[in-house]
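If you read the sequences in order, they're chains A and B.
The working numbering numbers the first residue of the first sequence as 1 and each following residue consecutively.
The working numbering numbers the first residue of the second sequence as 1001 and each following residue consecutively.
Read the hints as simulated data drawn from the structure, not as lab findings.
Predicted model only: the values in this text are computed from it and were never measured.
For glycine and all other residues, C-beta sits at the position ideal for the given N, C-alpha and C.
A hint or two may mislead.
What the hints assert, rightly or not - Now the in silico label distances, taken between C-beta atoms and shown as ranges:
1) A:Q29 x B:L1299: 51 to 61 Å
2) A:Y3 x B:K1348: 29 to 39 Å
3) B:M1212 x A:D175: 43 to 53 Å
4) B:L1299 x A:E109: 52 to 62 Å
Claimed, not checked - Just a sample of chain B residues kept apart from chain A, beta carbon distances all over 10 Å, derived:
5) W1007
6) I1082
7) K1120
8) Y1180
9) N1190
10) F1271
11) V1328
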Amino acid sequence: MDYLLEIKSLVKKYKEVVAVDDISFSIRQGICFGLLGPNGAGKTTTIEMIEDIIPSTSGEILYKGKHRSSSFKQEVGIQFQQTALLSSLTLRETLKTFHSLYNDPADIEEIIDICNLRDIEKRMNDKISGGQRQRLMLALAMINKPELLFLDEPSTGLDPQARRNLWSIVQKIKDKGDTVILTTHYMEEAQHLCDEIAIMDNGKIIAQGTPHQLIKEHCEGVTVILPKNSVKIPLSQLPFRFREINGRIEIRTNDINSCLNRLLSEHIDLTEMVVRSPNLENVFLNLTGKQLRD
Amino acid sequence: MSFKRLWAMFCARNLEFFRDRSALGWNFLFPFLIVAGFGMIFGGKDYTEYKVGVFPSQHETVSVSKIDLPEGFRETLHIKFIGFKSFEDGIEKLKHHKIDFLVKAGSPENEYWVTDSSPKGYIIEKLFKGSLLPDGKVVAGKREIKGKEIKYIDWLFPGILAMNMMFSALWGVGYVVVRYRKIGVLKRLNATPLTAFEYLSAQILSRIFILMFTIAIVWIGCSFIFSFRVEGSYFDLFVIFLAGGVCLSAYGLVVAARGTSEEFTSGVVNFISWPMMFLSEVWFSLEGSSRWVKLVAQLFPLTHMLTAVRKVMNDGATLADVTPELAVLVFMTAISIAVGAALFSWNK
Ligand SMILES: Nc1ncnc2c1ncn2[C@@H]1O[C@H](COP(=O)(O)OP(=O)(O)OP(=O)(O)O)[C@@H](O)[C@H]1O
Ligand SMILES: [Mg+2]
Chain A
1 MDYLLEIKSL VKKYKEVVAV DDISFSIRQG ICFGLLGPNG AGKTTTIEMI EDIIPSTSGE
61 ILYKGKHRSS SFKQEVGIQF QQTALLSSLT LRETLKTFHS LYNDPADIEE IIDICNLRDI
121 EKRMNDKISG GQRQRLMLAL AMINKPELLF LDEPSTGLDP QARRNLWSIV QKIKDKGDTV
181 ILTTHYMEEA QHLCDEIAIM DNGKIIAQGT PHQLIKEHCE GVTVILPKNS VKIPLSQLPF
241 RFREINGRIE IRTNDINSCL NRLLSEHIDL TEMVVRSPNL ENVFLNLTGK QLRD
Chain B
1001 MSFKRLWAMF CARNLEFFRD RSALGWNFLF PFLIVAGFGM IFGGKDYTEY KVGVFPSQHE
1061 TVSVSKIDLP EGFRETLHIK FIGFKSFEDG IEKLKHHKID FLVKAGSPEN EYWVTDSSPK
1121 GYIIEKLFKG SLLPDGKVVA GKREIKGKEI KYIDWLFPGI LAMNMMFSAL WGVGYVVVRY
1181 RKIGVLKRLN ATPLTAFEYL SAQILSRIFI LMFTIAIVWI GCSFIFSFRV EGSYFDLFVI
1241 FLAGGVCLSA YGLVVAARGT SEEFTSGVVN FISWPMMFLS EVWFSLEGSS RWVKLVAQLF
1301 PLTHMLTAVR KVMNDGATLA DVTPELAVLV FMTAISIAVG AALFSWNK
């Protein structure tokens, strides 16, 4: 199979930390590839090495089967997790400036409409809100009709509408056959957008696959949730592994049919029962631990 | 190398500069104020003034004709007499070099006080003693100076403009690029096809444009208020200022090449600009300074630029006459650009 990007044994060492520790993966054309992981896992470092912004300590990065050439930057679009812009320019002027830096740029008006910047196009860069800024950054990343788009936490600070808008933008990019690499802390977003996911922790990839595969592999069974007061028998007599949270009983089971039969046979009222299948969040927490780390 | 990209960055930088109203105003006002200030203080006169204390005197300002001092001394030009009530008041000022010389009025022995370490005091002492000699005993023949007189402001004015240019170039290129590196603007630009060469050229060109624009405005503004004489051609002056501006901006490029610390960069800019300001004859001539001071001064583009500008402005030299200075400026520019470009880094 032909890969758009091949990452081989990539390492980034700083003085005190190994930010990226010998990772390898490949990305097919036309998919959305998600990098997930807790804070400090090495996502930004990885993505910026691929973007050719920071040098790697060792390892190889192949784009369309070759080392990245000078045309690489004409073909990719980048949205950083953190950046500043030229001050004292309006949004439109900023877009125009970046527009002139590319050989084959997109139509500015179209980009302004796509990213919902029409209302604020005449405002100064330093006088816009955090979410508006994110939208401008996305617009700048798309100004050259990139074949490969890097988005580092693109939805941070976006309101729900803007986030949905971002999702539809990413979807359209995929429909055109272009490729997206994104990092996010929103599991719902990853599940919705990503065709393939790599979960990183401490500079290493600890799991990789489609969202579906990851869930199947790392979270078996479903969770049955019942209000505590609908369970009339003493809790200790329940024949399952369960947890008690906020006045609710959570039962994890691999065999939903026998579980429900059993509950019915105990005459437990199931009117308010909720059955939840595992999602990426469960996978993420299972894999990276539940504790916050520094 | 793409001119389209260079042009885009050039325009963006200019817009930024001209939008920043306060900085813009200051850019024009600062050199103007300095010229106006110094024009006022020196009023076109010689700027050395000797201060002589006289006591006893009721008032601080003493009228020359009324003080009881030897006439020859009293009427010396460039001496300012300052009155003190008592000897104690006067000697206190003398000790702290607020005055150069102290005499007692109406003293038959012509008593005076002077600190031995003060060169100005030494000269006044000579003057004072000379004025006590009977007239006509010594012969000295004064001859007229041939040629036109160069007023102090004619000499100072180009110095102020050049100095302003230096500060503007070093801060405007050096400091701004470092700040952009720190806050991440350079990182964003590095994500585009823009090359370092294009970016840096745009910065330099934009700064030169701003420098020349400023100098034109300040020059025109000052010429309404002061009368100064330009012996050579304005075109030659323009060429020299341009060469100097390019060279100083290229120095700024070297400052801008690395680093993200604004404090450190201010330090470096000050470290370069202050000696340059004092040793490039902006304010005073280095005539008679030690050899190494003159040697250090040769390292500064400002020295060569000012030498050339003053030759044209004060002595009517042509570009051909200042070829050596221009050659040095071009050489320094080439070196700075090469060093700056080789060291440049987008990253933190
Ligand atoms: N310039 C640097 N110098 C030293 N250490 C660094 C540098 N940049 C990042 N690190 C370290 O490398 C590790 C990975 O950082 P990175 O920014 O890649 O994390 P991340 O996965 O993007 O985290 P987040 O979710 O918070 O954005 C962290 O421990 C960080 O402290
Ligand atoms: Mg990050």
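Broken hints, by number
When the structure is compared with the hints, numbers 5, 8, 9 turn out to be violated.
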